[in-house]
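K.L.:
Listed here are the chains, written in short residue letters.
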Amino acid sequence: MTHKSVSVMPLLSFRGITKRFGPLVANDAISLDLNQGEVLALLGENGAGKTTLMNILFGHYVAEEGEILVDGAPLPPGSTDAAIQAGIGMVHQHFTLAENLTVLENITLGTEPLFAWRRDIKAARTKIADMAAEYGLHADPDKLVGALSVGERQRVEILKALYRDARILILDEPTAVLTPQESDSLFETLKKLTAKGLAVIFISHKLNEILNHTNRVVVLRRGAVAGTVTTSEADRAGLARMMVGEEVNRPKVTSMMPGNAVLRLTHVDCQSDSEAQSLKDVSLEIRAHEIIGLAGVAGNGQRTLANLLSGLATADAGDVEILGAPGVADPTELVRRGVGRIPEDRHATGVVGEMPLWENLISEDRRGAEIARAGFVIDKRRALERSKRLIEEFDIRCEGPEAETRLLSGGNMQKLILARVLSRGPEFILANQPVRGLDEGAIAYVQSRLLQARADGAGVLLISEDLDELFALSDRIAVMYHGRLTPPQDTAGLTVGDVGLLMSGHEAESAHAH
Amino acid sequence: MIGDIFEILLTAGFWAATIRIVSPLILGTLGELICERAGVLNLGIEGIMTMGAMAGWMWVFQGGDLWGGIVFAAFIGALFGLFHASFTVYLGLSQHVTGIGITLFASSLSYYVFRMLLPDATTPPKIVPFQPYAIPGLSDIPVIGEALFSQTPLTYLALLSVPAVWYVLERTPLGLAVRMAGENPVAVESQGIDVLAVRTGAVMVGSAFMAIGGAFITMSAFDAFYFGMINGRGWICVALVIFASWRPGKALLGALLFAGLDALQVRAQQLAGAQIPYQFFLMAPYVLSIAAMVVMSRRASYPKALLVPFRRGDRV
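Sequence order for the protein chains is R and U.
1 is the number of the first residue of the first sequence in my numbering; add one for each residue after it.
1 is the number of the first residue of the second sequence in my numbering; add one for each residue after it.
Treat the hints with caution; some may be incorrect.
[As the list claims (entries may be wrong)] With the C-beta cut set under 7 angstroms, the calculated list includes, among others, these residues of chain U facing chain R:
(1) Val168
(2) Thr172
(3) Glu183
[What the hints assert, rightly or not] Covered, in the sense of this in silico footprint (three residues per stretch, anywhere, with C-beta under 8 angstroms from a C-beta of chain U), are these stretches of chain R:
(4) 223-237
(5) 424-436
[Claimed, not checked] Straight-line C-alpha distance at most 35 angstroms; calculated DSBU-like pairs for lysine-lysine:
(6) Lys250/U to Lys143/R
(7) Lys127/R to Lys250/U
(8) Lys304/U to Lys122/R
(9) Lys206/R to Lys250/U
(10) Lys126/U to Lys122/R
Note that these hints are calculated values from the structure, not bench results.
From a predicted model like this one, the values you see are computed outputs, not experimental measurements.
Even glycine gets a Cβ: it sits at the ideal position worked out from N, Cα and C.
Looking at chain R on its own, in the form it has when it is part of the complex:
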């Protein structure tokens, strides 16, 4: 053993971790080290095995092969308790908090012996206050988690890990749900944590963040380590190539003259289940040949607007005009009128997973002359023919039109929905989070299809939480906050910072300029 190797003894090492789910190899002999005081980025597409690897570390899964060492000592597999004892803290992508309980209750769960006579609430309060002061992580211990913003909830998750004296903090796609300002404050926190000697594993597929805020990058591709680089020596293109395995070009936007209005909302109010989701005095016009991007943190009324435009809700006040006629609470009528609907949750409202591909492909056109005889008997032969054509045209990877839809991957399911919508030549397209959870290749495909539809004369409302996407595709961008909509502004005159401020309810400088 040389002198040098002793001094850089890693805090945490994975040694040849392999994990299979049936025939799928989620982690293939992964080895990597984490050193004290560093932020290690774990980069990879969806399904590359990042989250699986972290779930093995945290004892949610047991690996078939390999071992994990913390300070050189093996970590017992499959035990969350052991992982916590070893100083590992995890902030899951989907927060593991109980909304009906208080911040303090969420943080202290599991920190005291279960069969004690009482919880030491006073001591917990003191410790939380101390940590808040030390790391700048402020949270009111008596507030219900349900009343907190997403950024605050994430702070509670980090506090939860620190409360149990974590030395290794795992953050699984932490910025996916944050506004740019909240992300910045998260990175500030990470700096403070690493200065105190903590090590952080930062899972992401956003290259900008990784390049700006990490020390080292490990790239995973199809379950295996595709490469490790020091961040200061890495560049965007190189990382992207390593992650995807090939060159991917996002589509280019060409400027176009907008045509007639396809959608017109005038002072629309629409009640929803919560105050923040209810639309208030929303006005918006979308014309042919144009994409309007709708930015906003989830839960600010996007769902209500989407429901309104796809015929699942009606306005309480104001005028809704969709393709030249008033809006109605009748999805079938709107589809007939020429509305194309790409729903937010493709599993829940996009397709019926238990039905075969062909039935999902024709579901919006089941009474059309091409499919139905005399308007009501489905001609299966013709439906299958058309499905085969669409499967080929939209490159849906599947066993055939008779295969069950739920077996498709996310990207292929989205292609199916695109095929259903675009094959009808819609004049207005409601694209709600169209690339959420897709990998680079599929994202590029979906985006180029949307741009093609715009070129063919459709007006598109693109609802997205990904600002990069909105800036890349939109002609104009509007921001939704607490059910109110800012007037759309030309993308060229906006910065990510402006939009971020609007997303958190502030008035941006440039918003006043108009």
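Add chain U to chain R, keeping to what the hints say.
P.N.:
Leaving out everything else, chain U in the frame of chain R:
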């Protein structure tokens, strides 16, 4: 007529009856509440109460003492709770179907066992039930003394278990784990606590409460066991949990309201029995309960993971 009703409300007898009726309801409601706070709906309650009624009574009839009967009933209840949990918690099966199944099974089994042990009984045999115990001093207070402090020990137990359950749920680490299991089991798991054990334990303890509630009927309110004597009290408890927004204090309030209406209707029948068919009075507590539920449950925030099974190693 209205004046007559007010007169009834002022009698100690009315309040004593209310407290008597409320005892099994509050035990059953607390039992169901414990299960549901951990995320498990237990529709086996009607059957488990029947089983508890039979088991406690039979223990005493066979020569055991009264408190032994209560412990035995609780044990049998916990056993059925384990039965329920092994299907719903460990196998993740439908909580509705399992619960209804247990109600049908336990109701019939209790009568089967009763008949098997006492094949020749024609009129239901009797035991010597719990006797009222007047708490010295307190029972001398007018009206309240007779209503609250001249009841059987089992009633005192039922009333005291309200703050006890509240304390355990709100103030102990175990209670926090139970509540968290009903809100977000993944959070419990990721803090290193076994969700399945917490849920199973909660269902077993909750079922024991239900069984004691049932035993109250045969060992304190009456002195015999016969078929169908739980008579839907279990279902009332399920509704009371919703009425109470899953909080023990409000559960007591709801149970008191229902019991009060029930005690009132018996007395009101005698007042107006000539003009109004007595069935209307029998119906009244239920109709008014439904109305109260509509008002109360609109703001209820139910445990977020109620009815949601948790499986380890699922993709989180």
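K.L.:
So which of those numbered hints doesn't the model satisfy?
P.N.:
Result: hints 1, 4, 5, 9, 10 break, sorted rising.
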